[in-house]
Amino acid sequence: MKKAITILLGIGSVLLLTGIAYAFLVAPIAVDPNTGKEVFHQKILYFHVPVAETSLVSFILAAVFGALFLYKRERKYDFLSLAAVELGFMYGLLVEMTGMMWDKAAWGVWWQWEPRLTTYLILMLMYSGYFVMRSSIGEDSTKARFGAVYAIIAAVNVPLTFFAIRLIPSIHPILFDSSGAGLEGPLLVAFLVSMFGMTFFYVSLLLTRYQMFGVSEELDILKNQIGG
Amino acid sequence: MKDQLPYVVGVYMGIWVVLLGYVFIVNNKLSGLKKELGALSKAVEKKNK
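Each protein sequence line maps, in turn, to chains L and Y.
Going by the working numbering, the first residue of the first sequence is number 1, and it counts up by one from there.
Going by the working numbering, the first residue of the second sequence is number 1, and it counts up by one from there.
Here chain Y stands alone, though its shape is the one from the complex (with noise of 0.2 Å):
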């Protein structure tokens, strides 16, 4: 079982680090997206205006 364990507890921690950092990346991409279409779309106001 010993020799085993390395490997087991690679593979649980190798997947937990790749999703949470892929949920940690998009979302944060995802917030920076909306603020930046957010400040654009009142520049686009102001233009028409």
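This is chain L alone, in the form it adopts within the complex (with noise of 0.2 Å):
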């Protein structure tokens, strides 16, 4: 496993750092097309969307292990749900902070109350709930049942988070709708290219991750044997 998370590992920084030279050096900088002016903010998003759109998937991806869990009771799942959830979480809590420099960039204040925003902000606190949760119950099998339950709970607010600004009037931009995508030529290149090699580093991530938890848990067996 070790040769497959360095090898994900590769490709996902060398294609990030691809995205980042496509996107200063060869993709121009985006014109407003209501005030004709450059917005150099604008190469922020090659980086800000694929870190939400990973960290959304990755909370889908807690809630279906957890749902594998429940239904065939391996350790393995939980394991995965938990790592998951805890990747999901780091990268919710980049897409918050790299979302307000947009927005202090663009809009010129630190912090808007739109659709977007707060949503993101629930599931970012529904999710801290979960950690909460799980440090809180004593017994792993309690806190594996239990864990997987509040990871298909929570993840009902992904999609709602995700389509907010499609269902309610809002300023956040929208990069992809039923016209197809805001961007084309070497802006969508770069765009595409940074999500692919966030969506290999994010793998890469999640299998470390998981190995991990694997190692951890081997340890206690052992440490149990010796002390019994």
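Bear in mind the hints are in silico, worked out from the structure with no lab data behind them.
Just so it is clear, CB atoms sit at the ideal spot from N, CA and C, and this is done for glycine as well.
Don't take each hint at face value.
Coverage of chain L stretches by chain Y, computed from C-beta distances (three or more under 8 Å per stretch; other residues unrestricted) [to be verified]: (1) 38-44; (2) 101-107.
Think about it this way: if two alpha-carbon atoms lie no more than 20 Å apart in a straight line, the pair counts; the simulated SDA-like pairs of lysine to any residue are [to be verified]: (3) L/K76 <-> Y/L33; (4) L/K143 <-> L/V64; (5) Y/K35 <-> L/G214; (6) Y/K29 <-> L/A154; (7) L/K76 <-> L/T142; (8) L/K3 <-> Y/K34; (9) Y/K34 <-> L/L222; (10) Y/K2 <-> L/I29; (11) Y/K35 <-> L/E218; (12) Y/K2 <-> L/D103; (13) Y/K47 <-> L/I221; (14) L/K143 <-> L/S216; (15) Y/K42 <-> L/K37; (16) Y/K35 <-> L/I5; (17) Y/K34 <-> L/T142; (18) Y/K47 <-> L/E218; (19) L/K72 <-> L/E217; (20) L/K3 <-> Y/L20; (21) L/K104 <-> Y/L33; (22) L/K104 <-> Y/P6; (23) L/K2 <-> L/L219; (24) Y/K2 <-> L/L222; (25) Y/K47 <-> L/Q225; (26) Y/K35 <-> L/L222; (27) Y/K29 <-> L/A4; (28) Y/K2 <-> L/I7; (29) L/K3 <-> Y/L5; (30) Y/K46 <-> L/K76; (31) Y/K35 <-> L/I221; (32) L/K76 <-> L/L175; (33) Y/K34 <-> L/I5; (34) L/K37 <-> Y/L5; (35) L/K2 <-> Y/Y22; (36) Y/K34 <-> L/K72; (37) L/K223 <-> Y/K29; (38) Y/K29 <-> L/Y210; (39) L/K104 <-> Y/G10; (40) L/K104 <-> Y/D3.
Dock chain to chain to rebuild the complex, using the hints, since each chain is given by itself in its own frame.
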């Protein structure tokens, strides 16, 4: 598994660096169609959007692994679900941070109570409860069972967050809608390369974290054997 | 463009620092756990003999 993780991490890093290079060196600075002015802060989206999509996918994956755990009762699915929530949360924090920088650069304020930011904040608060819940339970099997149920329930908020700006009027830009992508040519290439890079990077992190939980459990079993 | 530059740089730097920091911390911890696991496995083997 270590070799696969290293390869995924390598591919992810190379793609991300290529995406950055392409975004800054090849893709032109976008122009605001309303004002005709160049909007340099648009370059933020090549990283901000892939990070956001990855975090939402991670929360969905956590729910899928949670459901698999409840169905099969195999510990590995609990590890994968926990790892996915952890990474989704970390990526989510990055989304909030980079989103605030976008707000400041584009709108002149650090925070706007608009549908996307607000629903994302609620999503993050919900998942912070996941960690509180897990740490307040002592027994591993109960922790895993409750964790799986929580991950499934919390994931209901993911589509709400994604579709919020499509259903409620918002100043948040919509990149993809029914008419297609809001990017074209080199801008789209830079975005897609970053998107693939972030996905490879994420999978390598998920597998590393999963491996860590496995080793940690093996260690606990051995410690119990020695103690007994 | 100049007034937006710090935010763009901040985003790219911030994401790289967090992601690479995470990779470093997790891998460091994983190799530590593996070492501990190896040492304990040997101890268990000795005990069983």
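Please work out if Y/K35 and L/E218 have their alpha carbons no farther apart than 20 Å. 12 Å, holds
Is the Cα-Cα distance between L/K223 and Y/K29 20 Å or less? OK: L/K223 and Y/K29 at ~18 Å, within 20 Å.
Holds or violated: L/K104 and Y/D3, Cα atoms, limit 20 Å. Holds. L/K104 to Y/D3 sits at ~10 Å (cutoff 20 Å).
Please verify whether L/K76 and L/L175 have alpha carbons no more than 20 Å apart. 36 Å, violated
With a cut-off of 20 Å on the C-alpha distance, tell me whether L/K104 and Y/G10 pass. 12 Å, holds
Pair hint outcome, L/K104 versus Y/L33 [Cα-Cα no greater than 20 Å]: 42 Å, violated
Please work out if Y/K2 and L/D103 have their alpha carbons no farther apart than 20 Å. 16 Å, holds
Would the pair L/K76 and L/T142 pass a check requiring their Cα atoms to be no farther apart than 20 Å? Holds, at about 15 Å.
What's the verdict on L/K2 and Y/Y22, does the C-alpha distance respect the 20 Å limit or exceed it? 17 Å, holds
Given the hinted pair L/K76 and Y/L33, is their Cα-Cα distance within 20 Å? 18 Å, holds
Hey, Y/K42 versus L/K37, does the alpha-carbon distance stay inside 20 Å? Violated. Y/K42 to L/K37 sits at ~68 Å, over the 20 Å cutoff.
Can the restraint linking Y/K2 and L/L222 be considered satisfied, given a maximum Cα separation of 20 Å? The given pair, whose Cα atoms are some 58 Å apart, is violated under the 20 Å limit.
Going down the numbered hints, you'll see the structure goes against 6, 15, 17, 21, 24, 28, 29, 30, 32 and 36, while the others check out.
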